[in-house]
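Peer 1: Residue numbers (this note's numbering), protein chains in the order written: chain U, 2 to 83; chain G, 239 to 498.
Read the hints as simulated data drawn from the structure, not as lab findings. Note that CB positions come from ideal geometry on N, CA and C, so glycine has one too. There's no promise every hint is true.
[What the hints assert, rightly or not] Facing chain G, from chain U, some residues (calculated, C-beta under 10 Å): (1) LEU4; (2) ALA8; (3) ALA56; (4) ILE62; (5) LEU68.
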Amino acid sequence: MELEAAAQFAQMGKFIGAGLATMGLGGAGVGVGIIAGNFLAGALRNPSAAPGQMANLFVGIAFAEALGIFSFLIALLLMFAV
Amino acid sequence: MAEEAGSGFAIHPMDQFVVQRWFCADDLATPLNECTTNIRWFEITNVTVWMAIAVLAIAALMLLGTRRRAIIPSRSQSVAEMIYGFIYKMVEDVTGHEGVKYFPYVMTLFLFILFSNLLGLLPMSFTTTSHVAVTVVLALAVFLGVTILGFVKNGIGFLGMFWVTSAPLAIRPILALIEVISYFVRPVSHSIRLAGNLMAGHAVIKVIAGFATLAVASPVVIGSVAALYGLELLVAVVQAYVFTILTCVYLRDAVGGAHH
Numbered sequence: 002m003e004l005e006a007a008a009q010f011a012q013m014g015k016f017i018g019a020g021l022a023t024m025g026l027g028g029a030g031v032g033v034g035i036i037a038g039n040f041l042a043g044a045l046r047n048p049s050a051a052p053g054q055m056a057n058l059f060v061g062i063a064f065a066e067a068l069g070i071f072s073f074l075i076a077l078l079l080m081f082a083v
Numbered sequence: 239m240a241e242e243a244g245s246g247f248a249i250h251p252m253d254q255f256v257v258q259r260w261f262c263a264d265d266l267a268t269p270l271n272e273c274t275t276n277i278r279w280f281e282i283t284n285v286t287v288w289m290a291i292a293v294l295a296i297a298a299l300m301l302l303g304t305r306r307r308a309i310i311p312s313r314s315q316s317v318a319e320m321i322y323g324f325i326y327k328m329v330e331d332v333t334g335h336e337g338v339k340y341f342p343y344v345m346t347l348f349l350f351i352l353f354s355n356l357l358g359l360l361p362m363s364f365t366t367t368s369h370v371a372v373t374v375v376l377a378l379a380v381f382l383g384v385t386i387l388g389f390v391k392n393g394i395g396f397l398g399m400f401w402v403t404s405a406p407l408a409i410r411p412i413l414a415l416i417e418v419i420s421y422f423v424r425p426v427s428h429s430i431r432l433a434g435n436l437m438a439g440h441a442v443i444k445v446i447a448g449f450a451t452l453a454v455a456s457p458v459v460i461g462s463v464a465a466l467y468g469l470e471l472l473v474a475v476v477q478a479y480v481f482t483i484l485t486c487v488y489l490r491d492a493v494g495g496a497h498h
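Bound-form chain U, shown alone:
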């Protein structure tokens, strides 16, 4: 009985931990928003230079997103691997 309670407690901790880990994706959202917003601000000032910077925009977004992905990875590991 006690063992079962402990297992359920561990299960609960797993779910809470996975939920908390997803909060890290909020940081990725902030980062992507800052990059896209600044790109738009720059593009509206100098629209002729904007198409040449599309690749840099996507690379920047991808790198900012990568750090959010690690928290998503932790959530996945907690849910399915631990």
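Place chain G on chain U using the hints.
Peer 2: Then chain G, alone, in the frame of chain U:
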């Protein structure tokens, strides 16, 4: 997923990602639901079938597009030309003239990921790129390829990439450590980004669709599913683009030698 059937969803949102076999390899006469052995590598599953469909679709587009080449292109020819020109320009812009040699590989990656993503959006289909097992193979191939290429092209000087000479000497060891960690984390973020985006997007559509069991909500649900479907169409193309452009960025490190 079967034990979670009582969790309130009429259709579980994760059921769409279950790998299912098409035949029972031990005894073809056995019905599928009585086939209890684990799925083995040679068995035909929905993953292999949809991968094959993606490859066939790419071959069909490229072969049909170039079969009757004309000055005024047909629709399939202009689509094939547009994709080709787009990727060629991207490789040339990002990796420089040295990297154009590796254009066929980048083109292959882009087409496979794009077609897998788009075919996954068909109703009742299976999204192969939503599985980490698939994307990790793609990302590891890029990672190992770039690393080997870097050592072949630059010799031991490839390690200079981690020694940032533009920084003050005192902080170079710390920077080197960070650079090494970020180098080895590349395949992780490269693969999880693609799989995570696709998996999350498709799961969201199914979760929203699950609310349709409440009859009052169903008009709203149909509208939101249609809107999310449009978003997923965008995500499918953008993620294929992001995967290939990151491949180009990594390739630039290898063929260009030193870091920036």
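Peer 1: Are the hints correct? Go through all of them and say.
Peer 2: Status of the hints after comparison with the structure:
1. LEU4: Interface hint status for LEU4/U: violated (20 Å vs cutoff 10 Å).
2. ALA8: 15 Å, violated
3. ALA56: Holds, about 6 Å.
4. ILE62: This hint holds: ILE62/U lies near chain G, its Cβ roughly 8 Å from the closest one there, short of 10 Å.
5. LEU68: 8 Å, holds
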